[in-house]
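Colleague: Here is what each chain is made of, one letter per residue.
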Amino acid sequence: MSNPYAKLPNWAEYGLIPFVNLVVAFLVAGLVVLLVGENPLDAAYHMVNGAFGRGEYIGFTLYYATTFIFTGLSVAVAFHAGLFNIGSEGQAYIGGIGVTLACLWLDRTMPWFVVFPLAIIGSAAFGALWAFLPGWLQAKRGSHIVITTIMFNFIASSLMVYLLTRVLKPLGSMAPQTRTFEAGGQLPKLDWLLSIFGLDIGNAPFNISFLLALLVAFGVWTLIWRTRFGYELRTMGHSPSAARYAGISETRITIIVMMISGGLAGMMALNPIMGEQFRMQLDFVQGAGFVGIAVALMGRSHPAGIIPAAILFGMLYQGGAEIAFEMPAISRDMIVIIQGLVILFAGALENMFRPAISRFFAGLGQRSATAAQTKGA
Amino acid sequence: MSDLAIELRGIDKSFGLVHANKDINVKVRKGTIHGIIGENGAGKSTLMSILYGFYQADRGDILIDGKTVTIKDPNTAIASGIGMVHQHFMLVENFTVLENIMLGAEDSQVLNTSISKARVELKRLEKEYALEVNPDALIEELPVGLQQRVEILKALYRKADILILDEPTGVLTPAEADHLFRILGQLKAQGKTIILITHKLREIMAITDEVSVMRRGEMVATRNTRETSVEELAELMVGRRVLLRVEKGEANPGAVKLSVKNLTVRDSRGVTMVDNVSFDIRAGEIVGIAGVAGNGQSELLEAISGIRRAVSGSVVLNGKSVDVTAHVDPGELRVQGLGHVPEDRHHVGLVLKFDESENAILGYHRDKRYLNGPFLNMDAIRAEAEDKIQKYDIRPPNAKLKTANFSGGNQQKIVLAREMERGPDVLIIGQPTRGVDVGAIEFIHKRIIEMRDRGMAVLLVSVELDEIRALSDRILVMFAGRVVGERGADATEGELGLLMAGVEGRKEAAE
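From first to last, the protein sequence lines are chains A and B.
Going letter by letter, the first sequence gives residues 1 to 377 in my numbering.
Going letter by letter, the second sequence gives residues 1 to 511 in my numbering.
Derived from the structure by calculation, the hints contain no laboratory data.
You may find that some hints are simply not true.
Listed next, with one range per pair, are the computed distances between beta-carbon atoms [to be verified]:
(1) B:70 / A:14: 37 to 45 Å
(2) B:125 / A:241: 36 to 44 Å
(3) B:141 / A:14: 49 to 57 Å
(4) A:13 / B:70: 34 to 42 Å
(5) B:294 / A:35: 55 to 63 Å
Once the Cα atoms are required to be at most 25 Å apart in a straight line, the calculated DMTMM-like pairs of lysine to aspartate or glutamate come out as [said to hold, decoys possible]:
(6) A:140 / B:267
(7) B:402 / A:326
(8) B:67 / B:7
Beta carbons: idealized from backbone N, C-alpha and C, even for Gly.
Let the sequences and hints guide you as you build the complete structure.
Modeller: Here is the structure:
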């Protein structure tokens, strides 16, 4: 028997299992909080309240989520083709150049809606360019994509230090960053969207690139499941030998997929640069590319899963900052541990509870979901 | 003392919702060869895995020598005197025969004494059962037949009285298979009990004393081999009457559709797998390539279908020359009229994680009729898939079902439907019925003949000699990468067997 476990109903497969994993991650995280002598329930309260307690907090959560949607999609697209793109971090970083060039060029003369499309194209083009080389090296030379993309993260980091200290920095400034953009380089906030729900956005940088992220998520779904190219990339991802049999060129798919993946990562730069800081700063990506890997894993590389997973990680970021602020014993590093636990249980140990849940479904057939969760947890 | 070596009482096993074994009762008499047959997925392997301790039964008892035993893992099975020869050998390739035999049965951490003891014991076993094999040879240097002998010795070394053999002849030439049967006969004469799992009815008839038939997880019958027939067993296996002989008329060969000249192909390690092979196939004929697996048939198919680049040689498809030494786009060959049913449907012919409908267009996905610009035309794809499901009786008839959830026979039908329904001029087929149940074999054979009668040129590669003989109009035999002989459809098994073993071919080449 190749698959001794019975197939689960969809809601269990895509809802129950991730949920159980998440619950376990938080339980273990709670133990860690207990270990440093704080009350886990308080921590949980601060986490949820800090992420969703006020309109402003929600704005921050969704602002982070926007970033993670882009990087999550970037990792997911490559993943469907069987490529593990660890380089979203560097691709997003380089994508920032495209955004910045468009803004520096036109922000004083043009309104945001003229600059924005150019910035989108610029960010995607620069991100794609940065992913092209690892893709080309993999396709033509067999250099492993994981190794090359990691190296390209370092190259990107060094290159940006050079650019921000020598080239893009205004004369006479001490800070490694570009000048602040004028109105044309600033994206409108989505305060109206929150006010529909009676929420006040406050100072949160929740901006229009969130809508772009949703649009792009739909585009990625279409690309993967509704186009010929998506069909070919999935074939290659599932079975390279079947792809060869079907006459699908591995070289072509590898290079193009990596460029799409890099382009998506690059678009992430729109959110912090045009939506929050209105300038490009050193290290503005702040690990979002790596979080994208976790988001893609947790969202099962499906846009419909990536969006909630991105919001979850947005919550961890925003709520986590709140915990660190309210509970001094819990430092920022502790928050990283909690995020790490979520990644561990939701991603790496994804199948840990599957046998138990499968057996449960097989044995008892029809029982309520709550019972299943208790057993699984 | 009981005269039963093994008795299984009410064995029941489920995997999730799959009921793999339903209340199985079997009695295996001591000193006999007991065959167990059934289609793929009938539950034979599960039953044997329970007996060998890989799985635990949900219910039921195992009795060995009349005593109830609990077999919780393979070690307890071995301790109870059960030995298993797996279909895929469990040998360490770069160990010697002796090292493999004592692996896991060492007496102490220091190996010197156990090695010398094992050598003495091995000598004794070899003499007792006439199973000669050089104890110091490396496994990877031994032919498959001898590797299997090592597996048998391994079981005997562990003092097995009951030997389970799982599809033992799948990788053997007819001569090697005959030799194996003689060995089994000797083991039986020495009082060993043998359980033979197979799907080949002829083998059952040839050497077993009793035979049990499984169907859909149930033990449907046990017969004395002398009192049954191939027809009855086939009917018991499938649950309805099956036509075992393929009915076909005379071939009407037309123009040459596929011409292969001086083709040489190397594998990824640079070993020459196809060595200067030439042949022609005409419209309306089936040319079969017989040979033991691994003699270059796979590489030949891959080179012709554009998956593997050839070193030298030429291929003319449908009057058009194809440069097989350069990069060839398999998709382009399809457009030029080549259909290809690959040997390995799990990794090559299908993407198991795809929906059935997605696999129905694999390789033809660039065809305009499935596309709207760059987008897939989902309606057209589904309509196509449903049409083929109906024409090829693919079950369950659900184009949205994941391909991995279809049975082997139905998966093969998905591939055949895709490659045949286009009406290619040349159809190359590798292992059309590997892992396919008897009922579907009948269907597939009929279709292949039908395609021939419609004027297709068919190249058939199979390791099942019966299949080659039943379907082919001409038979080429491959040995060590070369075509060592050509015979007509009336060639005897012995004749082909000698060619397959490379005996006859050397003589022919020398003449």
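Colleague: Are the hints correct? Go through all of them and say.
Modeller: The hints, checked one at a time:
1. Here the CB-CB span from residue 70 of chain B to residue 14 of chain A is close to 40 Å, well matched to the stated 37 to 45 Å.
2. Range check, residue 125 of chain B to residue 241 of chain A: about 42 Å between beta-carbon atoms, so the 36 to 44 Å window is met.
3. Residue 141 of chain B and residue 14 of chain A have their C-beta atoms about 51 Å apart, which keeps the hinted 49 to 57 Å range intact.
4. The hint said 34 to 42 Å for the Cβ distance between residue 13 of chain A and residue 70 of chain B, and at roughly 35 Å that hint holds.
5. Evaluation of the 55 to 63 Å hint for residue 294 of chain B and residue 35 of chain A yields a pass: the beta carbon distance comes to about 59 Å.
6. At roughly 20 Å between alpha-carbon atoms, residue 140 of chain A and residue 267 of chain B fall within 25 Å of each other, so this suggested pair holds.
7. Taking the CA atoms of residue 402 of chain B and residue 326 of chain A, the gap is about 50 Å. The hint is violated against a cut of 25 Å.
8. Distance check on the hinted pair: residue 67 of chain B and residue 7 of chain B sit about 9 Å apart at the alpha-carbon level, within 25 Å; holds.
Hint violations for this structure: number 7 only, all remaining hints satisfied.
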